[in-house]
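Line by line, the protein sequences give chains A and B.
Note that the numbering used here gives residue 196 to position 196 of the first sequence, counting from 1, and the numbers run on in steps of one.
Note that the numbering used here gives residue 329 to position 329 of the second sequence, counting from 1, and the numbers run on in steps of one.
Among these hints, one or two may not hold up.
Taking lysine-lysine and the DSSO-like style, the derived pairs with C-alpha atoms no more than 30 Å apart in a straight line are [to be verified]:
id	chain 1	residue 1	chain 2	residue 2
1	B	K86	B	K30
2	A	K76	B	K418
3	B	K135	A	K411
4	A	K76	B	K562
5	A	K198	B	K358
6	B	K86	B	K396
7	B	K87	B	K108
8	B	K558	A	K76
9	B	K469	B	K358
10	B	K87	A	K198
11	B	K587	B	K405
Hints were generated in silico from the structure; no laboratory data involved.
All figures in this text were calculated on a predicted structure; none of them were measured in a lab.
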Amino acid sequence: MYQEDTIAAVATPMGEGGVAIVRVSGPDAERIAREIFARSGGRNGRLRTHTLHYGTICEPKTGEVLDEVLLTLMRKPRSYTGEDVVEVHCHGGPFLVRRILELILSRGARHAEPGEFTKRAFLNGRLDLAQAEGVLDLIRARTEKGMRLALGQVRGGLSRWIGELREDLLEILVQVEAAIDFPEEEIELLQRDQLAAKTEALRGKIAELIGSYEWGRLFRDGARVCIAGKPNVGKSSLLNALVGEERVIVTEVPGTTRDVVEESINLGGLPVALWDTAGIRRTDDQVEKISVHFTRKRIAEADAVLAVLDGSCPFSPEDRAILESLKEKKVLIAINKSDLSPRLDMRELTGLGYKETMLISAKEDFGLDHLKQELRSLLLGVEIEPQVALTNLRHKAALERAQASLNEALKTLRRSLPPEFVAVDLRDAKEGLEEVIGVISNDDILKRIFDQFCVGK
Amino acid sequence: MIYNTYDVIVVGAGHAGIEASLAASRMGAKTLMLTLNLDHIGQMSCNPAIGGIGKGHLVKEIDALGGEMARAIDETGIQFRMLNTKKGPAVRASRAQADKALYRQQMKRVLENCPNLALRQGSVERLLVEGGEAKGVETQIGEIFYGRRVILTTGTFLKGLIHVGDRNYSAGRAGDFAVQGLSDSLNELGFKVGRLKTGTCPRLDGRTIDYARLQAQYGDDPPIPFSFSTEKISQRQIPCHITYTNSRTHEIIKSAIHRSPMYSGIIKSRGPRYCPSIEDKVVRFADKERHQIFLEPEGADTVEVYPNGLSTSLPLDVQIEMVRSIQGLERAEIMRPGYAIEYDYVEPTQLYPSLETKLIKGLYHAGQINGTTGYEEAAAQGLMAGINAVLSLRGKEPTILARDKAYIGVLIDDLVTKGTDGEPYRMFTSRAEYRLLLREDNADLRLTDLGYKVGLATEEAYRLSEDKKGRVAGLIEALENSRINPALEINARLESLGSAPLRGQSSLAQLLRRPEISFSDLVLFAPEFAGVSASLGLQAEVEIKYSGYVQRQMEGVKRFRKIEAVRLPADLDYMAIAGLSHEVREKLTLIRPCTLGQAARISGITPAAISLLSVYLKKQMVA
Ligand SMILES: Nc1nc2c(ncn2[C@@H]2O[C@H](COP(=O)(O)OP(=O)(O)O)[C@@H](O)[C@H]2O)c(=O)[nH]1
Ligand SMILES: [Mg+2]
Numbered sequence: 001m002y003q004e005d006t007i008a009a010v011a012t013p014m015g016e017g018g019v020a021i022v023r024v025s026g027p028d029a030e031r032i033a034r035e036i037f038a039r040s041g042g043r044n045g046r047l048r049t050h051t052l053h054y055g056t057i058c059e060p061k062t063g064e065v066l067d068e069v070l071l072t073l074m075r076k077p078r079s080y081t082g083e084d085v086v087e088v089h090c091h092g093g094p095f096l097v098r099r100i101l102e103l104i105l106s107r108g109a110r111h112a113e114p115g116e117f118t119k120r121a122f123l124n125g126r127l128d129l130a131q132a133e134g135v136l137d138l139i140r141a142r143t144e145k146g147m148r149l150a151l152g153q154v155r156g157g158l159s160r161w162i163g164e165l166r167e168d169l170l171e172i173l174v175q176v177e178a179a180i181d182f183p184e185e186e187i188e189l190l191q192r193d194q195l196a197a198k199t200e201a202l203r204g205k206i207a208e209l210i211g212s213y214e215w216g217r218l219f220r221d222g223a224r225v226c227i228a229g230k231p232n233v234g235k236s237s238l239l240n241a242l243v244g245e246e247r248v249i250v251t252e253v254p255g256t257t258r259d260v261v262e263e264s265i266n267l268g269g270l271p272v273a274l275w276d277t278a279g280i281r282r283t284d285d286q287v288e289k290i291s292v293h294f295t296r297k298r299i300a301e302a303d304a305v306l307a308v309l310d311g312s313c314p315f316s317p318e319d320r321a322i323l324e325s326l327k328e329k330k331v332l333i334a335i336n337k338s339d340l341s342p343r344l345d346m347r348e349l350t351g352l353g354y355k356e357t358m359l360i361s362a363k364e365d366f367g368l369d370h371l372k373q374e375l376r377s378l379l380l381g382v383e384i385e386p387q388v389a390l391t392n393l394r395h396k397a398a399l400e401r402a403q404a405s406l407n408e409a410l411k412t413l414r415r416s417l418p419p420e421f422v423a424v425d426l427r428d429a430k431e432g433l434e435e436v437i438g439v440i441s442n443d444d445i446l447k448r449i450f451d452q453f454c455v456g457k
Numbered sequence: 001m002i003y004n005t006y007d008v009i010v011v012g013a014g015h016a017g018i019e020a021s022l023a024a025s026r027m028g029a030k031t032l033m034l035t036l037n038l039d040h041i042g043q044m045s046c047n048p049a050i051g052g053i054g055k056g057h058l059v060k061e062i063d064a065l066g067g068e069m070a071r072a073i074d075e076t077g078i079q080f081r082m083l084n085t086k087k088g089p090a091v092r093a094s095r096a097q098a099d100k101a102l103y104r105q106q107m108k109r110v111l112e113n114c115p116n117l118a119l120r121q122g123s124v125e126r127l128l129v130e131g132g133e134a135k136g137v138e139t140q141i142g143e144i145f146y147g148r149r150v151i152l153t154t155g156t157f158l159k160g161l162i163h164v165g166d167r168n169y170s171a172g173r174a175g176d177f178a179v180q181g182l183s184d185s186l187n188e189l190g191f192k193v194g195r196l197k198t199g200t201c202p203r204l205d206g207r208t209i210d211y212a213r214l215q216a217q218y219g220d221d222p223p224i225p226f227s228f229s230t231e232k233i234s235q236r237q238i239p240c241h242i243t244y245t246n247s248r249t250h251e252i253i254k255s256a257i258h259r260s261p262m263y264s265g266i267i268k269s270r271g272p273r274y275c276p277s278i279e280d281k282v283v284r285f286a287d288k289e290r291h292q293i294f295l296e297p298e299g300a301d302t303v304e305v306y307p308n309g310l311s312t313s314l315p316l317d318v319q320i321e322m323v324r325s326i327q328g329l330e331r332a333e334i335m336r337p338g339y340a341i342e343y344d345y346v347e348p349t350q351l352y353p354s355l356e357t358k359l360i361k362g363l364y365h366a367g368q369i370n371g372t373t374g375y376e377e378a379a380a381q382g383l384m385a386g387i388n389a390v391l392s393l394r395g396k397e398p399t400i401l402a403r404d405k406a407y408i409g410v411l412i413d414d415l416v417t418k419g420t421d422g423e424p425y426r427m428f429t430s431r432a433e434y435r436l437l438l439r440e441d442n443a444d445l446r447l448t449d450l451g452y453k454v455g456l457a458t459e460e461a462y463r464l465s466e467d468k469k470g471r472v473a474g475l476i477e478a479l480e481n482s483r484i485n486p487a488l489e490i491n492a493r494l495e496s497l498g499s500a501p502l503r504g505q506s507s508l509a510q511l512l513r514r515p516e517i518s519f520s521d522l523v524l525f526a527p528e529f530a531g532v533s534a535s536l537g538l539q540a541e542v543e544i545k546y547s548g549y550v551q552r553q554m555e556g557v558k559r560f561r562k563i564e565a566v567r568l569p570a571d572l573d574y575m576a577i578a579g580l581s582h583e584v585r586e587k588l589t590l591i592r593p594c595t596l597g598q599a600a601r602i603s604g605i606t607p608a609a610i611s612l613l614s615v616y617l618k619k620q621m622v623a
């Protein structure tokens, strides 16, 4: 009979930290552990599960001791993957870790593919789909906040939340289904307006969750902010000031920055990629033309634009052209060089519909903290942290489907169509929710009907 | 002693056995029906009624396929009622009270007049198997019957054990012997045999019921028949009566609850939650002040009355006291006590969707042996087992109804894919994904051609249904094309129907899309449609009025068929598919689903496992 094979990999980031963990999962995990691990005190009975054992890793052929380690065995099914799992906690030198891993591989394990432990955990029912995806997000997460969101998902935050929404939905659906299948039982059923109110409330919750996607995505993938403005207004200087290091060449000759330069900053946990671009102006210089083209492309891709104006110069037609081209974007206007005497007419800006502007000086490091705060809230919209956030596009699409179905259900209820039509919409919505967590079952409805109503003769 | 050799042997003459025997013999197979008691063919062990929501649907489907149940109840029904009339056409369902004795007689007459069919009394105690194939059966007295296909439809008879209070005795149902050896024989052959429980009500003497104090419930007038081939119900119709339990009834039950075998621990198996005993209802729904009881006559020619809602296994003295606490039943005499019954069933996941067992070739199981309840569920399975036994004799592919095609398909797929989950299985419309498509009114259009193809539905029924399909299409077109103008008298009529007046020209189809307008209302506006039959009009109305929803369900069906079309080879080695968890592999190996769709419906099979499986299949095809 074919069995799942045994896989192994280093579970901690390579080359970092004082301690590394090598993880082994599969039917041979325990055998391999017994072959390469000598417990201190020379004891060699059966290894107790879920216990830390102290001892050494030895090359069985030569008897060479590789490292002093802590080892745990977690017998199935109470382990991360649901299989027998052995974890070797060894010292973190990259060379040593490699040797221990190679020793394990030489005893019959296979090197795990990226995400394979998680995949097994999922397939063995230790994680649901949303949790498994959370782990993969966790591996990719860029900042601590992104990590916390992903972690929340792994711990089942999202699954639990969706589970609650599904409960709400089932509560509505059960009323409808019971009315269809048990008309003779004296069930007080189908107060249409009550059902509609519950459906409406559920739809609101789902909409909120969908809204959190943007939030979750920004934390997970990072936000992209493009600094735009005509040449020489101080874009590169601003980037340097925000990053806090000299990264970009700053010159007095307009048009110095021709490539797009990217720097990462962290806005209160929110990872932001800042793009410094070539200034936008009409030009005959071929190279600069290409740069300008790239700049426009970057602006289109950015989540928000930081538009820089030079406060020491009068407002120019180029400034106007730039600001007008940003109509569709989230824009924050920074008036730079405010250390110099102001010559920019603010009324020009209000005329264009930009009421809020910020006075800054890249050179004198003035107004930059405030700018960061404003940029953060511009990107995130609300500042209130959602309880759970969607970080995955598949989840969002499924929830949008659920939301659309609930809209249909409300229409059906308003049209006073009989319950079996409402049920079509509600069941669609249910499938949408279940797509996220991956449970599909019709039996739940019947179970609930029998629990809730005294039906049957 | 060796008797004749048959093509098909049917063990049992309940609702499953009847349909199986008739289907097999009508399809031309030499068939033997074996039963414990030839006087009890087609006995209704529980309440005297056929149909109901989900169940009426099954009966209509049986009829369209060429089965007998619908015609028999049309002949012998004493009250017909359409349920869910205030709801849409998809969930309207027929139900009828049967005259139990007449129903039995009717079925026996049909069986006795069926060519190719032999009837024999005998208790089958052992299955004859050779080289993994069913060869025949042996009875209690050593008779041996050889058959190339064997269909077991043994109901609650396998090791049936009846409980009343703390007393119990072996019986197939009250008044009939149980069968002791057969389930051991099945067990020895390797089948997983389990135990289920169900129950029934005491029967009351109608002469001791005070009907004057009770509310009568009459059937529909005129009664609407079940069978597409019945024109009119002409026998006399009889009302039922309604009464209620009260707080005193509940007190009596509660104070005696420790004497119920369900609560004292004598019965360990779980009963069906949708068919709860009165003691269950009183305990679980303690704050409900009263429970409804329907007094259903057991026939036109008997005084026995079935108090539907009073299923119980309490001791007889409690039963009497409880019954007499109810309004109108103060002086009622019990003629037969209510009881609970435990019986063996064979876990239906051991069957292919053809109802043939995976373990023994040529052996089919149908009805309560598969863990279902209900006459209709049993009959549906019997019919399909009969059809498939004969098809397999002829080397043909079995007829498997898909979930989007029939409730029978939903029923059998649920059974063979998910099993019973410890509780008898009953049909509900909520079990069907495509409820709007599986209606009683279109069962003929869905299934008659299939029934005709296998040789059961008559030529005439086939012609009629094909003709109806064409006429529905024509009618829809006509309704789309006939227009009416917002004339004064038209708007006045609309107003009288509670519908908004027309502002401009409109087609009749547009008018029909309004929820408050039905096809019969259209005649007011377009007298040329007055001659159209009600059933034709209903088809057109459904398709026009609910086209959006029907369309959506059809799209669901398309997706469903795609995954259903992916066939899984019978010899697929699930153990060799990398990435599947052990549990998933074991489940797939056990159930051996025929299609990817069926695999996805097995409980515990994750969507991820299904994608792995489909990737594996694709790789196999390339290789
Ligand atoms: N006085 C003053 N000069 C600035 C400020 N920011 C930038 N500059 C100067 O403006 C010139 C152009 O700056 P740069 O960052 O290269 O502009 P870019 O073309 O928009 O990237 C440089 O000489 C900077 O030193 C500021 O806040 N105040
Ligand atoms: Mg620059």
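A quick look at each hint next to the structure:
1. K86/B to K30/B: 47 Å, violated
2. K76/A to K418/B: Between K76/A and K418/B the Cα gap is close to 26 Å, so the pair holds against 30 Å.
3. K135/B to K411/A: 60 Å, violated
4. K76/A to K562/B: 37 Å, violated
5. K198/A to K358/B: 47 Å, violated
6. K86/B to K396/B: 44 Å, violated
7. K87/B to K108/B: Violated, because 37 Å separates the two Cα atoms, which is more than 30 Å.
8. K558/B to K76/A: 41 Å, violated
9. K469/B to K358/B: 38 Å, violated
10. K87/B to K198/A: Given that 30 Å is the threshold and the Cα spacing comes to 22 Å, the pair holds.
11. K587/B to K405/B: Holds, at roughly 26 Å.
Of the numbered hints listed earlier, those contradicted by the structure are 1, 3, 4, 5, 6, 7, 8 and 9.
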